[in-house]
Each structure stands twice: as C-alpha cells, then as structure tokens.
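J.: Please model the complete structure; the sequences and the hints are all you need to start from.
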Amino acid sequence: MLLLTRSDIQKSISIKEAIQVVKYAFAAYSSGKVTIPVRTQIKIPQEDGIILYMPGYIEDSGALGLKIVSVFPKNREKNLPTTNAFILLIHPETGLPLAGLEGNYLTALRTGAASGVATDYLARKNSSTVAIIGAGFQARTQLEAVCLVRDIKSVNIYDINEQQSINYLELMKNKLSNLSLKWTISPSSGKAIENADIICITTTSKTPVFPGEKIRLGTHINAVGSFTPQTQEIDIQTLLKADKIYVDSIEATLKEAGDFIIPLQKGQFDKANITGEIGEIISHQKIGRENKEEITIFKTVGLSIQDMATGFFIYQKAKKLGLGKEFSLD
Numbered sequence: 004m005l006l007l008t009r010s011d012i013q014k015s016i017s018i019k020e021a022i023q024v025v026k027y028a029f030a031a032y033s034s035g036k037v038t039i040p041v042r043t044q045i046k047i048p049q050e051d052g053i054i055l056y057m058p059g060y061i062e063d064s065g066a067l068g069l070k071i072v073s074v075f076p077k078n079r080e081k082n083l084p085t086t087n088a089f090i091l092l093i094h095p096e097t098g099l100p101l102a103g104l105e106g107n108y109l110t111a112l113r114t115g116a117a118s119g120v121a122t123d124y125l126a127r128k129n130s131s132t133v134a135i136i137g138a139g140f141q142a143r144t145q146l147e148a149v150c151l152v153r154d155i156k157s158v159n160i161y162d163i164n165e166q167q168s169i170n171y172l173e174l175m176k177n178k179l180s181n182l183s184l185k186w187t188i189s190p191s192s193g194k195a196i197e198n199a200d201i202i203c204i205t206t207t208s209k210t211p212v213f214p215g216e217k218i219r220l221g222t223h224i225n226a227v228g229s230f231t232p233q234t235q236e237i238d239i240q241t242l243l244k245a246d247k248i249y250v251d252s253i254e255a256t257l258k259e260a261g262d263f264i265i266p267l268q269k270g271q272f273d274k275a276n277i278t279g280e281i282g283e284i285i286s287h288q289k290i291g292r293e294n295k296e297e298i299t300i301f302k303t304v305g306l307s308i309q310d311m312a313t314g315f316f317i318y319q320k321a322k323k324l325g326l327g328k329e330f331s332l333d
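Residue numbers (this note's numbering): 4 to 333.
Hints are computed from structural coordinates only; laboratory data are not their basis. Quick caveat, the model's predicted, so the values are computed rather than measured. Each hint should be verified, as a subset may be incorrect.
Calculated cross-link-like contacts (lysine-lysine; reagent style DSBU-like; alpha-carbon spacing at most 35 Å) [unchecked claim]:
| hint | residue 1 | residue 2 |
| --- | --- | --- |
| 1 | 77 | 209 |
| 2 | 36 | 328 |
| 3 | 46 | 244 |
| 4 | 185 | 81 |
| 5 | 328 | 295 |
| 6 | 269 | 19 |
| 7 | 128 | 176 |
| 8 | 46 | 81 |
| 9 | 19 | 258 |
| 10 | 274 | 46 |
| 11 | 19 | 274 |
| 12 | 36 | 46 |
| 13 | 323 | 19 |
| 14 | 295 | 269 |
| 15 | 46 | 128 |
| 16 | 128 | 217 |
| 17 | 194 | 19 |
| 18 | 19 | 81 |
| 19 | 289 | 77 |
| 20 | 128 | 328 |
| 21 | 244 | 295 |
| 22 | 320 | 244 |
| 23 | 323 | 77 |
| 24 | 19 | 185 |
| 25 | 128 | 320 |
| 26 | 178 | 328 |
| 27 | 156 | 185 |
| 28 | 322 | 194 |
| 29 | 194 | 156 |
| 30 | 258 | 289 |
| 31 | 269 | 322 |
| 32 | 156 | 178 |
T.: As structure tokens, then:
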C-alpha cells in the first residue's frame, strides 16, 4: 500500500491536469458509468461537526475507493483546518488497499477543478473580475482554476474575518505572481460582487452570504460551500434571477444542499428550475451559456467520483515518479 502526503500529491498533479480529470469524472457520472451511493453522515452536535463517508467507483478507469471527510467549523477558533479528509483507494480486481492519500489538499484541488470546469462552460469568455467570498483553504484552488480558464484581471476578496482576507491576498498574490492582477479586500460581500463577472463562494454559512439584487447581468456563480440541508450561501433572489442552474448531481443536491432544500421547503423554488448536471454539458446533452446576459449558477456538493478519479490519477503519476512510502498492513 502506498501512502501519499500532501507534498507527494502536489508534485504529482497540477490544477490544469485536475480540471481535465474532474471533467472526465462529471461526464462519466452523467452518462451513468459510475457507482456512487449518496454519502453517509455522522453528526457530532456538541462540536457542530459532521463526518461524511463517500464511496465511489468509476467503471472505465477502475478508480475505486472511499473518502472520509470531517467538517468542524469550531476548529477555526483552535487554529486548525475546519475541513479534514483522508482518501483510501482500493484495487478494483482484488479489493485490497491500494493507496492512502492526504485528503485536504486533494479535496480543495478537485473542488477548485470543478469550478474551473463549470466556469469554462458557463462564464462569459471576456470575464475579467472574480469575487472570492470566503477566503479559507478551499478558496485558493478556486481562484487558481478560474484564472486558468479565463483571463482574470481583478480579484475582490471578502471574508467575515478581515485578517483571513489579508492572509489570503498575501498568499495568492505570491502564488499567482506570474499574473498581472489587481487585488482588493472588500468591506462587504455586496461590495465584492457588484462588479464581478465570476463569483466563487466557499463558506460554511447557514444564511445567504450576499444580496441577490447586487448580481448583475452576465454573472456566473460557483457555489461550493453549502453541503448540508442546514447550510445556505445563496438567497432565493439569486436562484430566481438565474437563467441557468447547473449542479454536479441533481440527486445529491436535492438531498444535501440547503441552498435548494430550504427554499424548496418554503415553496419559494421549484426543482424543475435546475437546468441539469454539468456532466450533461460536457457530454453534449445540454447547452451551457448562450448569451452574454445570462446569469448562471454552478452548485457542487462534491461527489466521491471526483476524489476517486483525481486520487487514482495521482496514484498512477506518483508511482511513475517514485513518490510516496510503501508499507504493509501485515
């Protein structure tokens, strides 16, 4: 069994490669070529925490395994990551453990890659300003991916914790030093999005994080933070203003995403208004953006096949590069 650390993973895959891998995974999902149960949850009420168990299998590639991810919002107070994850790959022919991968970076990588895929299909070609709402770990790969698929010139950052915004700006300014970007720390989420062409939301908020009336025509939104029925980043006005709403999985979205579950329960939104799955655009079953004035939304709750596809790619690349540590469970 091969153990791969974050450093090993970073040496084995680029964000550009991750976008292509996740694109393949979405197409496989929407074409019915995967086995993916809806994830199981265990809640830890005293810590406001949740643990998710996410198995998945892609038939064509043989990518098989399980991701375990914990989300503990109070960890921020302890100066610890709010999201922690581990991925176990299984050999599809023997059922034996194949590899164990550090999951925090991989999760951020494949989530950023998902937004990269969606942005490429749904954002205006001339999009140049991106707003980052929530400046945590996940937001790093969001910006990297968006900058790969669009010629971004300006970045507006807003986090409820201003120091988090400052830290994010300094980190990303260095990481994207090859790009000529104008950086702004916004005093409010409304201010951050008012001139944005693309909005990336990566929070654990239980209430909408920006006012829908601030969204202008032609905007594309990547909503990646809400992952339980109780969390909600997008308000009803935003949903109703959208011309097209694409998700990673309609089934998972309607079971797990508070962005849709809450307004559905209140009778404010009809699930028929969800245009389809992003994989359906990739496989040419549905159409993405059709004009410069459409408001588009991509909502992802995260699918285990993203992790399995990305993890399997990393495993194969790491083996070729001689990375990781082999060990036996005997």
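J.: Could you run down the list of hints and mark each one as holding or not?
T.: Now the hints, each set against the structure:
1. This hinted pair checks out: residue 77 and residue 209 have alpha carbons roughly 14 Å apart, not beyond 35 Å.
2. Proposed proximity of residue 36 and residue 328 is supported: the alpha carbons are some 32 Å apart, at most 35 Å.
3. Between residue 46 and residue 244 the alpha-carbon distance is near 34 Å, which keeps this suggested pair within the 35 Å criterion.
4. Taking the CA atoms of residue 185 and residue 81, the gap is near 32 Å; set against the 35 Å cutoff, the hint holds.
5. Taken as a hint, the residue 328 and residue 295 pair is broken in the structure, with Cα atoms around 50 Å apart against an allowance of 35 Å.
6. Restraint check for residue 269 and residue 19: not satisfied, since their Cα atoms lie roughly 40 Å apart, outside the 35 Å limit.
7. Only pairs whose Cα atoms come within 35 Å are accepted, and residue 128 paired with residue 176 is accepted, the gap being roughly 23 Å.
8. Distance hint between residue 46 and residue 81 is fulfilled; the C-alpha atoms sit about 19 Å from each other, no more than 35 Å.
9. Between residue 19 and residue 258, the direct Cα distance comes to roughly 31 Å. Compliance with the 35 Å bound is thereby established for this hinted pair.
10. Only pairs whose Cα atoms come within 35 Å are accepted, and residue 274 paired with residue 46 is accepted, the gap being roughly 27 Å.
11. Our distance criterion of 35 Å between C-alpha atoms is met by residue 19 and residue 274, whose separation comes to about 33 Å.
12. A distance of roughly 31 Å separates the Cα atoms of residue 36 and residue 46; the hinted pair therefore holds under the 35 Å criterion.
13. At roughly 19 Å between alpha-carbon atoms, residue 323 and residue 19 fall within 35 Å of each other, so this suggested pair holds.
14. With a C-alpha separation of about 32 Å, the suggested pair residue 295 and residue 269 falls inside the 35 Å cut-off, and the hint holds.
15. For the proposed pair residue 46 and residue 128, the alpha carbon gap of about 42 Å is over 35 Å, so the pair is violated.
16. The straight-line distance between the Cα atoms of residue 128 and residue 217 is roughly 21 Å, inside the 35 Å bound, and the hint therefore holds.
17. Between the alpha carbons of residue 194 and residue 19 the distance comes to roughly 30 Å, so the proposed pair stays at or under 35 Å and holds.
18. Among the hinted pairs, residue 19 with residue 81 is consistent with the structure: their alpha-carbon atoms are about 33 Å apart, no more than 35 Å.
19. Restraint check for residue 289 and residue 77: not satisfied, since their Cα atoms lie roughly 40 Å apart, outside the 35 Å limit.
20. Restraint check: the Cα-Cα separation between residue 128 and residue 328 comes to about 43 Å, which exceeds 35 Å; the hinted pair is violated.
21. Taking the CA atoms of residue 244 and residue 295, the gap is about 15 Å. The hint holds against a cut of 35 Å.
22. For the suggested pair residue 320 and residue 244, the alpha carbons sit about 43 Å apart, so the restraint of at most 35 Å is broken.
23. Restraint check for residue 323 and residue 77: not satisfied, since their Cα atoms lie roughly 40 Å apart, outside the 35 Å limit.
24. For a cut-off of 35 Å, the pair hint linking residue 19 to residue 185 stands: about 23 Å separates their Cα positions.
25. Between residue 128 and residue 320 the alpha-carbon distance is near 32 Å, which keeps this suggested pair within the 35 Å criterion.
26. In summary, the hint linking residue 178 to residue 328 is supported, as the alpha carbons are separated by about 28 Å, within the 35 Å threshold.
27. Taken as a hint, the residue 156 and residue 185 pair is honoured in the structure, with Cα atoms around 6 Å apart against an allowance of 35 Å.
28. For the proposed pair residue 322 and residue 194, the alpha carbon gap of about 47 Å is over 35 Å, so the pair is violated.
29. Only pairs whose Cα atoms come within 35 Å are accepted, and residue 194 paired with residue 156 is accepted, the gap being roughly 17 Å.
30. Between residue 258 and residue 289, the direct Cα distance comes to roughly 23 Å. Compliance with the 35 Å bound is thereby established for this hinted pair.
31. Pair hint residue 269 plus residue 322 does not hold up; C-alpha atoms about 51 Å apart against a cutoff of 35 Å.
32. Taking the CA atoms of residue 156 and residue 178, the gap is about 15 Å. The hint holds against a cut of 35 Å.
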